[in-house]
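With the sequences and hints as input, model every part of the structure.
In order, the protein sequence lines correspond to chains A and B.
According to numbering that gives the first Met the number 0, the first sequence is numbered sequentially starting from 0.
According to numbering that gives the first Met the number 0, the second sequence is numbered sequentially starting from 0.
Watch out, some of these pointers could steer you wrong.
[As the list claims (entries may be wrong)] Calculated lysine-lysine pairs in the DSBU-like style (CA-CA distance at most 35 Å, straight line):
#1 K11(B) with K74(A)
#2 K307(A) with K125(B)
#3 K7(B) with K390(A)
#4 K7(B) with K24(A)
#5 K125(B) with K217(A)
#6 K11(B) with K390(A)
#7 K388(A) with K11(B)
#8 K306(B) with K375(A)
Please keep in mind that the hints were generated in silico from the structure rather than gathered at the bench.
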Amino acid sequence: MDKFKNYCVELLNISKSFGGTRALKKVTLKVKSEEIHALVGENGAGKSTLMKILSGAHQKDSGRILLHGREVSIKNPHQSKALGIGIIYQEFSLVPALSVAENIYLHDLGRESGYIQWRELRMKSKALIQKIGFDINPGEKIHRLSIAEQQIVEIAKALCQPLKVLILDEPSAVLGPKETEKLFQILRELKKEGLAIIYISHHLDEVLRLSDNITVLKDGLSSEALPSGKTNKDDIIQRMLGRSMKQMYPQRTPKIGREVLKVKELSSKNRVHKVSFSVKSGEIVGLSGLVGSGRTETLRAIFGADKKSSGHVFLQDKKISFSSLRKAVKSGLGLVPEDRKQQGVLLNLSIKNNISLTSLDELSHRSGFIKAAEEKENTKALIQKLSIKTKHENLKVEALSGGNQQKVALAKWLTPHVKVLLIDEPTRGVDIGAKTEIYQLLNEMAQTGVALLIVSSEIAELMEICDRILVMYEGKIQAAFEQKDFSEENLLRKAMGQ
Amino acid sequence: MKYSEHLKLMRKFLKRTTMFFIEHNTMIIFFLILIISANVSEVFFTQTNLSNLTRQVAGIGLASIGMLLVIITGGIDLSVGSIAAMAGVLCAVFSSTTPLSIVLLISVASGIAVGSFSGYLVAIHKMAPFIATLAMMTIARGLGFIFSNGAPILLADEASAFIEFGSGYWLGIAYPVWIFLVISVICALLLRHHIFGRIITAIGSNEEAVRLSGIRVGIHKLSVYAISGGLAALSGLITTFRTGVGSPIVGVGMELDAIAAVVIGGASLQGGKGTAINTLLGVLILGMIGNIMNLISIPAYPQQVIKGVIIIFAVLLQKFQSKSNHN
Ligand SMILES: Nc1ncnc2c1ncn2[C@@H]1O[C@H](COP(=O)(O)OP(=O)(O)OP(=O)(O)O)[C@@H](O)[C@H]1O
Ligand SMILES: [Mg+2]
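Structure below.
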């Protein structure tokens with residue numbers, strides 16, 4: 000009985016179905032105070048769903064939730080918050096048009112006096128952000144921040160009230176190595192302060208390093224928690240996938256051809272300064288650097304999503320002045336954006352509608368009517384090729400787990416007319432099995448002669464799949480490495496501007 | 000079969016039927032009101048009444064179809080009533096001097112022009128649709144008054160063909176109603192099976208993602224306002240054909256009825272959702288409510304209250320629907 004009391008939060012036999020999908024089947028998760036408990040599992044295993052039940056965003060169908068041994072009922076996010084449960088969702092929940100400070104204190108803006116004291120609010124926000132080791136102007140509007148900075152605001156927001164339980168759903172997916180390290184420091188401190196921390200991640204090395212215990216979810220079923228010291232990566236993968244994984248990265252035998260993309264002295268108003276490089280057909284080039292170094296902005300400027308202020312882009316030796324994104328796409332350029340929810344997918348439309356969006360012309364008659372059978376077939380083939388976990392191609396994308404949404408964002412560019420694909424964080428939020436599939440896919444694309452330019456915060460991933468890596472620092476290309484010179488140290492040093 | 004299996008089957012059946020009701024709630028409201036109407040008034044199901052009813056809704060219906068397209072992109076068009084009046088006036092003004100086909104052309108083109116300008120403001124200058132079309136609403140209304148010198152204009156005798164068309168029937172259904180039906184079907188086909196429908200729905204769902212997929216968002220947004228303007232003009236023409244006058248004061252508040260019909264038909268004002276068939280049902284629902292209240296002689300003021308209540312009721316039902324879809 001004493002041991003039982005030690006648990007801060009217990010989720011017992013939780014079940015949850017969405018229509019016909021049984022997302023959770025009697026899942027149990029117990030976390031003590033002063034513990035970092037990792038929750039891992041494949042995309043769609045039910046991790047986020049379980050956490051949303053704890054945070055009141057979803058309602059459980061059955062099961063019990065105990066807090067310090069006492070049963071509680073959590074009917075909405077407000078109740079969960081009042082109980083001292085803080086959550087950082089996998090998908091962002093900030094209001095883009097409001098400032099950092101307003102977002103952090105959104106829940107009790109002007110609660111006491113009825114009007115908002117801006118100065119105080121800003122000072123409090125600034126202190127909070129500084130406490131967790133970052134520096135962001137509290138008056139800045141959210142939509143002007145990078146995704147990593149937004150994530151930090153999310154964390155600050157969760158911490159603005161006293162907490163017993165802190166849930167982080169893939170917080171590191173959008174952070175660079177430096178920020179992630181800082182985050183771990185904060186989490187360790189919070190742990191010492193007595194919090195129970197639930198940490199979801201697909202980065203198993205990270206999980207092993209940070210957590211005290213690990214619970215694996217598989218197909219909506221939970222297993223006994225494992226002490227991190229007594230397990231290893233292979234063991235976890237085995238439990239997650241139900242099989243072992245021999246090889247994470249594909250064997251690359253690059254077939255490099257002519258230069259297809261050439262960027263010359265490209266600058267844009269946001270953070271891109273005179274960037275020059277080129278990518279050959281069949282080549283995979285990585286773009287590394289810290290968060291805010293201008294990697295995303297470079298991709299967007301090449302694609303034409305942001306206006307260039309000077310410089311040129313050449314596609315197969317033809318200078319292209321893309322006046323519209325349509326021309327960019329028509330001439331064979333594609334972009335998988337960083338922010339999948341805002342820019343990558345159409346959440347309330349079907350998987351089919353999402354995937355077809357880039358090839359509507361090919362999938363329709365000259366009259367513009369869509370060839371339904373062909374479209375369906377095409378979608379099904381892609382769903383299978385990327386093993387997107389879904390029952391039906393007509394289901395809405397919002398019903399997919401985060402990793403599977405990412406696959407949809409990728410799938411729509413797997414069309415024959417893409418010659419150069421710019422990919423921002425290809426494996427963000429994707430489980431280890433699916434990662435392997437995506438690497439395989441990128442490799443296959445390269446084999447067919449597509450030129451790939453990949454931005455990633457995961458250095459290990461870039462080193463394994465790229466033929467060349469460019470490192471950016473403060474909007475410039477700081478260094479370029481050939482495969483034989485790849486080393487984490489080299490890359491990181493250049494990324495810090497040394 | 001064991002008892003538990005029976006129970007399971009039973010539950011499955013219940014679930015299926017509730018799902019059916021929730022999914023087809025517009026249709027259900029439609030039949031509900033149809034049945035109620037048939038029971039409270041004997042006149043309702045007579046040939047004359049039904050023909051009157053359908054002729055009345057045809058005009059609003061055309062505007063509602065245009066409104067649906069705009070709303071699907073996440074916009075709104077407040078100018079439809081004014082455009083209808085302006086087009087009707089233009090038709091009457093030109094009817095005495097100009098060949099009839101040219102008259103039609105001028106009137107519809109004027110609607111398309113006003114709509115295109117709203118679309119231009121929205122798509123190119125990123126003006127809020129509410130504001131842009133609000134401005135165009137007063138502009139078009141003003142133009143209607145200018146063209147007509149502020150007074151209703153009778154259709155010229157040369158335009159008797161218009162009057163004949165306005166009161167003509169084919170297979171027992173009035174010509175204007177045919178136009179409405181045909182346009183509804185075309186719109187339904189476009190939305191379900193055509194690239195255009197696919198794209199405007201996608202724009203309503205996530206404009207930025209559509210832009211980044213290399214699709215021309217601007218031209219598509221502009222065109223829905225142009226179509227809406229054109230259909231509004233057509234609706235104004237139908238009114239003029241039916242009444243024989245082009246009046247600058249018709250169609251006041253028509254935009255609100257059109258929006259109501261679209262919303263009752265389950266479209267979301269946030270965009271990305273809506274079907275032509277349900278909008279058609281929405282139009283008929285609104286029309287029947289008005290019609291039956293007239294038949295049982297409910298005075299005008301309570302009518303408005305009742306209409307509002309029914310709109311709230313219909314939309315609440317849909318909220319219920321999206322919630323249950325979610326879980
Ligand atoms: N709102 C919803 N409607 C319908 N099905 C849903 C909904 N949310 C989640 N699901 C389904 O529930 C299952 C679990 O999803 P969940 O998001 O919890 O996965 P996850 O473990 O967090 O995956 P990921 O690692 O990709 O984030 C999936 O099959 C998913 O499709
Ligand atoms: Mg998740």
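So, going through the hints one by one against the coordinates:
1. About 27 Å separates the Cα atoms of K11(B) and K74(A), which keeps this hinted pair within 35 Å; it holds.
2. A distance of roughly 21 Å separates the Cα atoms of K307(A) and K125(B); the hinted pair therefore holds under the 35 Å criterion.
3. Restraint check for K7(B) and K390(A): the C-alpha separation of about 22 Å stays at or below 35 Å, so the hint holds.
4. Restraint check for K7(B) and K24(A): the C-alpha separation of about 19 Å stays at or below 35 Å, so the hint holds.
5. A distance of roughly 47 Å separates the Cα atoms of K125(B) and K217(A); the hinted pair therefore is violated under the 35 Å criterion.
6. Distance check on the hinted pair: K11(B) and K390(A) sit about 19 Å apart at the alpha-carbon level, within 35 Å; holds.
7. In summary, the hint linking K388(A) to K11(B) is supported, as the alpha carbons are separated by about 25 Å, within the 35 Å threshold.
8. Simply put, K306(B) and K375(A) have alpha-carbon atoms about 42 Å apart, too far for the 35 Å limit, and the pair is violated.
Consistency with the previously given hints fails for numbers 5 and 8, ordered from lowest to highest.
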